[in-house]
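Asker: Now for the letters of each chain:
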Amino acid sequence: MFKRLFKNAPAWIGGAETPAPVALRIGIPRMFAYYIYPALWETFFKDLGMVPVVSGRSTMQTVRLGAQISETEHCLPNKLFDAHLAELVGQVDRVFVPRVLSTIKDHLSCPKFGPLPDAARAGIARDAVVLSVDIDETKTPLVETLHRLGRLLHTPRDRAAAAAEHGLSAMRAAHARMAAPLGRKGGPRFLLIGHPYVLHDDFLAGPVVQKLARMEAEVHRISFGDEAPAKSHILWSTSNKIFHKINSLAPGEYAGVIQLTVFNCGCDSMLIDTFRRAMKEKGVPYMHLMVDEHLSQSGMDTRIEAFLDSLAWAR
Amino acid sequence: MSDPCFLGIDVGSISTNLVAIAPGGEVLCELYRRGDGHPIDSVQACLAQLQEEAPGLAVRGVCTTGSGRMLAGAVVGADVVKNEISAHARATLHLHPDVRTIFEIGGQDSKVTVVRDGAVVDFSMNLVCAAGTGSFLDSQARRLNITIEELSAGAMLSQNPTTIAGRCTVFAESDMIHKQQVGHAQPDILMGLCHALVRNYLANVCAGKELKSPIVFQGGVSANQGICRAFRESLGCDIIVPRHHMVMGAYGAALIASRTGVKNTRYRGEKAATHKVVTKGFTCADCPNHCEIIEIRDGEEVIGRTGGRCGKWDGNGGGPRPQVDPVPDLLEMGVPEP
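Residue numbers (my numbering), protein chains in the order written: chain A, 1 to 315; chain B, 1001 to 1338.
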């Protein structure tokens, strides 16, 4: 009786031995920041002694869940984000939703990223503990933000610094892997452009990549790992990167360029004409595909087949 | 005595069309069949009708197209399965080699194809919205209790077309009711509808496209005089409605079949028209997408499969499944040691 009463008391008042600390499980939604800073968060949190848990890959189920629980006006990736977040709530001790304001100096991120942690706390993750940190690379270098995140988690300075270093090197390696081509090596080269969280998501880009691969194309995706491009009139970092990539294409570098956009993306809809005009000036075959939650596979297949046909026609 | 021919079959959302051509390209038989939602039956009915109207043809090659091309391809044993954009363009270029813009408006799809120097250089297709397609006209005609032919003829009588909001079928309907209530004559309302469809088509499907003359207009809706008139008035230039305008997809498919150089056709012959073909659906459990796969069977034989996001079920049952690279997983790829 006495023993049981004090069983869980701390050692200093004479309880049983202190239980080994249980590692904190931290949930990372497989959307937005997961793809913008690939491999960084898993590596960083793991090195801090936590257990990173990433939500599953996007499937039809994720889309259906997103449509049910998310705001109807949100863009499709935001709906997917909410579904990924919901998958983690209840499974982990914390969910990690950073406030990504700027990822490149003097450039802005999508304005929807700003309120993301607040929206999570108020909505999908209201029954969970949301861990967040402001990422504003215009004001603060990413490594310093990671140090701050370490302090938020009461990690000794040295350990956080080492974890940040390791995380950033893991991120560089992941960027390199994400830039590797898919499909048939040596086949006609196609470049996919779009936001990183679109191009690498199973639901949003998977069918397009696989269709092109089945048609024996070599599929490249724009990389966001290399150096930040020069400033232009476009202040959104992803769009500016795409704009520079388009302008720097060498003639014949790619057989065709496919831009993947998502339904209800404000940045995309404002800039798609700019990109279309730039591609026309370049003389590179270009197609714009918009993915929404209803798009049938056959509609997608028809467009891709016809695009490849038109290239063969031109030769 | 049997004459060689090539078949093109276009299974669209509203109609199933079949064209048989001689190796030289001249049309031997053209069939337009308004569908009743049973694509397999429609394809088989077309084949039976072909047998009646043009007996003694020896089929040397078959190409299917349209949104039902995979299913139709399995039923008839197609040598080529082609997307409808390429099929339409092939037929148009055959009849009008100097074409520079192709408008195609069907039951659920509308497309624009930009052609320069005999090659397709750009195209665009409508998104999920049906406001710029034939089904828009169908639903409005049904609401007015007239046939689509009466809508076409009525619109041509209009002297003073009214403006109807055509952004969306729902808005168009309420706007149309309003115009009726304030006393606009029916021909003016019908022509207003035609203008609404054309305005919608030009603003959405043709956005950002350079529309140069000669313009060829085809697809089921090209039979509608009111729409042709609306195009002429909006664009201020003539548009050409080709000879086989209702069946251009099937015609193009037949031309593609004839040019592919098929040695031994996979055409199932008599079996294609007469055997009972059934479909069976099942859910693929290989990944969490749980795609619905349709298996097409002739008796015990699996003659084809459709459906599935990843495409591994595509093609006929016996064939090997194509291997595809998955989108790599960042986490599974591991992280480097420090």
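What the hints contain is simulated information worked out from the structure, not anything from laboratory work.
Some hints here could point you the wrong way.
[What the hints assert, rightly or not] Some chain A residues close to chain B (C-beta under 10 Å, calculated; not the full set):
| # | residue |
| --- | --- |
| 1 | Q61 |
| 2 | T62 |
| 3 | R159 |
| 4 | R214 |
| 5 | M270 |
| 6 | I272 |
| 7 | D273 |
| 8 | R276 |
| 9 | M290 |
| 10 | Q297 |
| 11 | I304 |
| 12 | A306 |
| 13 | D309 |
[To be verified] Non-contacting residues of chain B with respect to chain A, defined by C-beta distances greater than 12 Å in every case (computed):
| # | residue |
| --- | --- |
| 14 | P1004 |
| 15 | G1068 |
| 16 | K1111 |
| 17 | E1150 |
| 18 | K1179 |
| 19 | V1182 |
| 20 | A1223 |
| 21 | K1263 |
| 22 | C1291 |
| 23 | C1310 |
| 24 | K1312 |
Ideal placement from N, C-alpha and C gives every residue a C-beta, glycine not left out.
Asker: Could you run down the list of hints and mark each one as holding or not?
Answerer: Hint check results:
Among the interface hints, the one on A/Q61 holds; its C-beta lies about 5 Å from the nearest C-beta in chain B, closer than the 10 Å criterion. Below 10 Å, beta-carbon pairs count as interface contacts, and A/T62 has one with chain B at about 8 Å; its hint therefore holds. Proximity of A/R159 to chain B is violated relative to the hint, the smallest CB-CB distance being about 12 Å (cut-off 10 Å). Because the smallest distance between the Cβ of A/R214 and any Cβ of chain B comes to about 5 Å, under 10 Å, the interface hint for this residue holds.
Evaluation of the A/M270 hint against chain B yields a violated restraint, the C-beta minimum of about 14 Å exceeding 10 Å. The restraint placing A/I272 at the interface with chain B holds, with a minimum CB-CB distance near 9 Å, inside the 10 Å limit. Interface hint at A/D273: satisfied, since its Cβ lies 6 Å from the closest Cβ of chain B, which is below the 10 Å cut-off. The interface hint given for A/R276 holds, since its Cβ lies 6 Å from the closest Cβ of chain B, which is under the 10 Å cut-off.
A cut of 10 Å between beta carbons decides the hint on A/M290: the least distance to chain B is about 7 Å, and the hint holds. Given the 10 Å rule on beta carbons, the hint for A/Q297 holds: about 6 Å separates it from the nearest Cβ of chain B. With its C-beta approaching chain B no nearer than about 9 Å, A/I304 sits inside the 10 Å limit, and its interface hint holds. With its C-beta approaching chain B no nearer than about 4 Å, A/A306 sits inside the 10 Å limit, and its interface hint holds.
Taking 10 Å as the C-beta contact cut-off toward chain B, the hint placing A/D309 at the interface holds, the least distance being around 4 Å. With a minimum CB-CB distance of about 26 Å to chain A, B/P1004 clears the 12 Å threshold, and the non-interface call stands. Separation of B/G1068 from chain A is inadequate, the least Cβ-Cβ distance of about 9 Å not exceeding the 12 Å criterion. A beta-carbon of chain A comes within 12 Å of the beta-carbon of B/K1111; the shortest separation is about 9 Å.
With 12 Å as the threshold on Cβ separation, the claim that B/E1150 sits away from chain A holds: the shortest Cβ distance comes to roughly 32 Å. For B/K1179, the condition that its CB be more than 12 Å from all CB atoms of chain A holds, with the nearest at approximately 31 Å. Look at B/V1182: its CB is around 34 Å from the nearest CB on chain A, clear of 12 Å, so calling it non-interface holds up. Every CB of chain A is more than 12 Å from the CB of B/A1223 (nearest about 23 Å), matching its label as outside the interface.
Chain A leaves B/K1263 outside its interface by the beta-carbon criterion, the shortest separation being 21 Å against a cut-off of 12 Å. Taking the minimum C-beta to C-beta distance to chain A, about 8 Å, the non-interface status of B/C1291 is violated against the 12 Å cut. The Cβ of B/C1310 sits about 6 Å from the closest Cβ of chain A, inside the 12 Å cut-off, so the non-interface label is violated. For B/K1312, the condition that its CB be more than 12 Å from all CB atoms of chain A is violated, with the nearest at approximately 9 Å.
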